[in-house]
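Q: Read left to right, the sequence shown gives residues 1064 to 1420 (my numbering).
Bear in mind the hints are in silico, worked out from the structure with no lab data behind them. Every value quoted in this text rests on a predicted model; they were computed, and no experiment measured them. Don't take every hint at face value.
Straight-line distance between alpha carbons at most 25 Å, and here's what the computed PhoX-like set of lysine-lysine pairs gives [to be verified]:
hint : residue 1 : residue 2
1    : Lys1170   : Lys1132
2    : Lys1184   : Lys1352
3    : Lys1157   : Lys1326
4    : Lys1145   : Lys1132
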Amino acid sequence: MIPFSFCLITLVFVVATATQARNHHNHPLPRTTPAAAKDTSHVSHVYSRNLTLSTYEDFLDFFIFNNIKDPSGGIVTYVDQKEAERLDLVGPGKAGGIRIAADLSEKNVTAGRKSVRLRGKEAFGEGLFVFEIAHAPVGCGLWPAAWMTVDESVWPVGGEMDIFEYGNGLRYAPEQTLHLNGTCVMPPHRLQTGNNTAWQDCDSFEGWKTGNHGCGVELLNDQFAVPALLNRNGGAVFVMERNADHIQGWAFPSCSPHARALKHRRKIDTTKFGTPSSFFPSTDTCALKEKFGKLHPIINISFGGHAEASWVRDGCLALAPSFYTGWGVSENSTEYLKQPENSVEFHVSSYTYFAPT
1064 MIPFSFCLIT LVFVVATATQ ARNHHNHPLP RTTPAAAKDT SHVSHVYSRN LTLSTYEDFL
1124 DFFIFNNIKD PSGGIVTYVD QKEAERLDLV GPGKAGGIRI AADLSEKNVT AGRKSVRLRG
1184 KEAFGEGLFV FEIAHAPVGC GLWPAAWMTV DESVWPVGGE MDIFEYGNGL RYAPEQTLHL
1244 NGTCVMPPHR LQTGNNTAWQ DCDSFEGWKT GNHGCGVELL NDQFAVPALL NRNGGAVFVM
1304 ERNADHIQGW AFPSCSPHAR ALKHRRKIDT TKFGTPSSFF PSTDTCALKE KFGKLHPIIN
1364 ISFGGHAEAS WVRDGCLALA PSFYTGWGVS ENSTEYLKQP ENSVEFHVSS YTYFAPT
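Please construct the entire structure, taking both the sequences and the accompanying hints into account.
A: Right under this line is the structure:
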């Protein structure tokens, strides 16, 4: 395992609302001038620290082991805490917090490889949400995410915010994506450093007809251009700000003043962060405050889905024509994931919630 660097990359994802990308492909569009947006001068961007989870015990107290059938359609079997502990799929993180993992010990994974899905006991409305990630899974077929969503029984009514999500992690950057109920088309020209993906209608109610892509932005930063590079550089911090008028996100090295502020200060003013990496405005035709309800934080490792959507461009054709040809539940995939360049571990060092002031 690559030694942990005490200087993490810090990624900040600010959300006025967001979502989990299901099987969407990324075809970046050119960045252009910002579209006209609502006046947000009346919205406060100052947040006060309300909750911080930084130890293994903190995470176990706050999250449940959500051993349900994967609502995202991944080929995976989520296990309860007892089984996760038996298979060593959970434990303290290498930089604090928690480690979750997928299983590589069992040969028969026809029903889906055993893995962990953590779901927060508490749901949140507006605010600033921070996931500090020390190490992310890498390898063909893997689909990890740190995100927030409504109860699965009513999804996508109430919305979903994908803070950190990708498939495979080999050649393309992670994304930030929204999923909503009903048509919600993002303006094509927005002030952000990231690239829009090809799908900019956040609708995931009718969106199942086109793969539930949601509306996404691909992060652009040399220090975490792909998750494999993110791991070599010691990790990243992903932050979401959610308010009534927009969602926006940034990326900072962990040794930067902004990163230190997020880790140590009681209050955060997001207007100090500069041009966002991603920006999702509330518009007259898509009022984010009305679209989103209270959301539970989720940390999980799935297989297939988004990884299949990126299979070809991530160079996974050398292994199999598709994750779904049977390769994904074969002994060949298990042996592949055991290779030293791959990893099925997800280390989340901390989770923090800053409440609106």
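Q: Against which earlier hints does the structure fall short, listed by number upward?
A: none
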